[in-house]
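From first to last, the protein sequence lines are chains A and B. Be aware that the first sequence starts at 1, since it is given in this note's numbering, and climbs by one per residue. Be aware that the second sequence starts at 1001, since it is given in this note's numbering, and climbs by one per residue.
Since the hints were derived computationally from the structure, they do not count as laboratory data. One or more of the hints may lead you astray.
[As the list claims (entries may be wrong)] Restraint-style ranges between C-beta atoms, simulated for each label pair: (1) ILE405/A to ILE1035/B: 30 to 36 Å; (2) ILE1035/B to GLY82/A: 54 to 60 Å; (3) GLY394/A to ARG1058/B: 21 to 27 Å; (4) GLY526/A to ARG1124/B: 51 to 57 Å; (5) ARG632/A to ASP1091/B: 47 to 53 Å; (6) VAL1080/B to GLN692/A: 34 to 40 Å; (7) SER1082/B to GLU399/A: 31 to 37 Å; (8) ILE1035/B to GLN378/A: 23 to 29 Å; (9) GLN702/A to ILE1035/B: 17 to 23 Å; (10) GLY381/A to GLU1134/B: 47 to 53 Å; (11) LYS627/A to VAL1080/B: 52 to 58 Å; (12) GLY82/A to ASP1144/B: 39 to 45 Å; (13) CYS1112/B to GLU17/A: 41 to 47 Å; (14) LYS627/A to ARG1124/B: 57 to 63 Å.
[What the hints assert, rightly or not] Listed next, the stretches of chain B that the computed footprint assigns to chain A, with coverage defined by at least 3 CB atoms under 8 Å from CB atoms of chain A: (15) 1033-1047; (16) 1067-1073; (17) 1089-1100.
Please read these numbers as outputs of a predicted model, since none were measured by experiment. Note that CB positions come from ideal geometry on N, CA and C, so glycine has one too.
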Amino acid sequence: MDELEAIKVTFFQECEELLADLEGGLLAMQDGNDDGDTVNAVFRAVHSIKGGAGAFGLEPLVRFAHVFETLLDALRSNEIPGTADLTAVLLRASDVLADHVSAARGLGMVDMDASAAMAAELKAWTDPSAAAVAAAPVEDAPEFEGFTPIVISGDDGMDDDDLGFDFQPMTISLDAQAADVAVLDNVWTVSIRPKSDLYRKANETGLLLRELARLGPIQATLDDSALPTLEFLDAEAAYVTWSVRLETEQGEEAIREVFEFVDGDCELEITRGEAPVADVLASLMEVALPEPAAPVEAPIAVAPVAEVAPPAPVAVSAPVPATPPVAANAPAAAPAAKPAQIEVPGPGQSVIRVDPERIDRLIDLVGELVINQAMLAQRVGEYGIAPSSNLAMGLDELEQLTREIQDSVMAIRAQPVKSVFQRMPRLVREVANMTGKQARLVMDGENTEVDKTVIERLADPITHMLRNAIDHGLESPEERKAAGKNPEGVVRLAALHRSGRIVIEVQDDGRGINRERVLSIAVKKGLISPDLTLTDEEIDNLIFLPGFSTADKISDVSGRGVGMDVVKRSVQALGGRISIASRPGLGSTFTLSLPLTLAVLDGMVVDVAGETLVIPLACIVESLRPKAEEIRPLGPTGSVLAVRDSFVPLIDVGLTLNYRSKSPPPTEGVVLLVEGEDGSRAALVADAIHGQRQVVIKSLEQNYQQVEGVAAATILGDGRVALILDVDAVINLRRRGPPSPSDPTLIAAE
Amino acid sequence: MTEPHSNSSAETRELISFRVGEQEYCVDIMAVREIRGWSPATTLPQSPAYMRGVINLRGAVLPIMDLACRIGMPTTEPSVRSVFIVVQAGDRTVGLLVDAVSDILSITDDLCQPTPDIACENVRHFVRNIISLEGRMISEISLDRLLPEREALAA
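For reference, chain A alone in the conformation it holds in the complex (with noise of 0.2 Å):
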């Protein structure tokens, strides 16, 4: 129960910002903005809180909803115009709808009677001609649209509150038309009783309740005897019948046909049949019609019912009196009314919802305990304390905590790439029809975690990648099968942690990369110099190349305009990293490796001109110790590395960031060779390597603006600010040359 007032309680959390969404729509409304847009939130809010409501069975909500809701509908689509009279109703009606969420919350209660004018006025709004008889029934009839599939409450008036949670016996109403049950004769009883397979198949039997009440009026019976105690449940079987009784004037066939998609997962038994309910029920609509709005009259009209008991079996051996159907149509019935729920919320499934506000203020204080962790030991090694001592042991368990603290808290982003990879099947298949191939798509490692600033990122990069494998990648059935592969191809994604970043490989088993068109076009779109000598590896690459496209001919598919350069692009700003590697006649393989989060970077400290920079990981290729012959001059002031059989340019990081005028020889320093974004490497010059940590990313930008040559900062274990270093801006700072000295903000350079 508590589990279920604990949703009830995120219900109301969400109708007070549906409840302020609508208002807020009808008050835009109101000032002329009544575009469709606007009109579709008002309805989808009203239809929302309907919803929920109806899950929980709170039946007066339910109905004044219903009505607000079918003329939202009404106006949404242009059946009715939008007028300023009309707004101001709506607004009226938006505050009446308010109330009752109040009252259905337990606070205050609705003026039953201002509700059933409001409910009156709105139903004129939508039907003028249909003002006399708002109450009629006839207005009920539509209702089976709008609700939500867990529900079969129709407009039955149940008035137990414990209901569906205890595994009472129900029965639930599904008649709209009760004034004519009397009339029919053409009456079926359709006995339904879903095997396990049918849920599992995500098949719903209040969709097919709902298929069966198309066809005429129907009256739904739970039979819940065969459902075990809470211990013994098995939480994916199916214990439930559903006997059904419907009237109908179509055969046997109609009935069969709306249990078309379940064939085989249910035992279905229909037969020709008169339910012996059917005359108490029209005659106690006949008592129950004319008090429309008055509450108590609900209860009353229920205790007969009670002792005929539905036709179902359930009457009889269940430990509870049954409760009893009653197909009231009165717009104001018992307020404390509630439906039956097909779907009990599983145990132990309990999620809460947090704004993720607070969970990125946990982080940045967590990453505060951290650095203050780190002060406090580096203060108490200051005073020469013995690593024995209890102060020394207990700093010790007060780092493997703090540790551990920040695992947890993110793990707490962490999410598993499956909802990223969820949508890929019906881009493959969608891609696949599109250009007339045939591809399979297998997904490996959908569990594999990644920090929830990542994921957001991911779906652009790997939809890109896949229409490329099957546009590019995949040949047409027809090649596939002369080159004698299997006509369907296949794609893979998979992800996957390696040394602490995520890995998403797309892999196909196409013809490969054409590593002739592919240098032909280079050089005819003038990317490349035509004389240049590539290694296979490298002409792979080009395809990264901004400009590049490969397709013949424009497909929707690919060659919107962005091409492969985009998504190096896109994936280097997020700190990662994408290779291809291809094979002729056996397919590509995209590899793309990104951080596990974008709150913490691996990154090289580094002493330069005094100053402590952190350079990521990511760019770094090597470290070295440059001997003096490996150094040559070139031209007037630079000088490039010879690191093997290339020669890279050597960049004094305090020269190009203006932190000292000239450089030290680099021999005395460091040197780290980078690999920016385009692929052109460089030798980065430093004093001193304090070693490799993993910091916490701070923006530079919140309270400052974008620095050229840093990409962020972050707070070292000291408590000072350290930046990180933009490799690109850097290498392209030099390329660029020193400073102008007419930059009266900066220091000239050398």
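Dock chain B against the given chain A, drawing on the hints supplied.
Showing chain B alone in chain A's frame:
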């Protein structure tokens, strides 16, 4: 501290005054988050001379601005008595390096005078108005103009 609305019928504002060189300046107390003693800042490359660098303020990276230098006076040499005032300027938080904090002033608008015309461009840009109080001249800083526009300098 006096209650803002108790002593005068005119609207009373509270300001924090501080010394920059030999001059007195002030900012609205509502914009002041805290006042901290000087601690060495991490130098920012490619930045104007008035940007002293950034420090760690409880996990946030806080830029420190030399107010004297920003207004066009010689740069402040931080001493043990130097403090920085953490102020909110628009959506950004920034530390202003000043020589010393003097006191909290409670003033009414009739004590404010417009910045005299003769002042140089820098002063007119950064000084909102001048307050004359007990023979002192205190200039109120226009905080929103202190930080450069983000776009303007972002390369």
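Against the structure, the hints:
1. ILE405/A to ILE1035/B: 30 to 36 Å: Check passed, 31 Å falls within 30 to 36 Å.
2. ILE1035/B to GLY82/A: 54 to 60 Å: Given about 56 Å between the Cβ atoms, the range holds.
3. GLY394/A to ARG1058/B: 21 to 27 Å: holds (24 Å)
4. GLY526/A to ARG1124/B: 51 to 57 Å: Once the Cβ atoms are compared, 53 Å apart, the range 51 to 57 Å for ARG1124/B and GLY526/A holds.
5. ARG632/A to ASP1091/B: 47 to 53 Å: At 50 Å between Cβs, range holds.
6. VAL1080/B to GLN692/A: 34 to 40 Å: holds (36 Å)
7. SER1082/B to GLU399/A: 31 to 37 Å: holds (34 Å)
8. ILE1035/B to GLN378/A: 23 to 29 Å: holds (26 Å)
9. GLN702/A to ILE1035/B: 17 to 23 Å: holds (21 Å)
10. GLY381/A to GLU1134/B: 47 to 53 Å: holds (52 Å)
11. LYS627/A to VAL1080/B: 52 to 58 Å: violated (46 Å)
12. GLY82/A to ASP1144/B: 39 to 45 Å: With a Cβ separation near 42 Å, GLY82/A and ASP1144/B satisfy 39 to 45 Å, so the hint holds.
13. CYS1112/B to GLU17/A: 41 to 47 Å: With a Cβ separation near 45 Å, CYS1112/B and GLU17/A satisfy 41 to 47 Å, so the hint holds.
14. LYS627/A to ARG1124/B: 57 to 63 Å: holds (59 Å)
15. 1033-1047: holds (count 8)
16. 1067-1073: violated (count 0)
17. 1089-1100: holds (count 3)
Going down the numbered hints, you'll see the structure goes against 11, 16, while the others check out.
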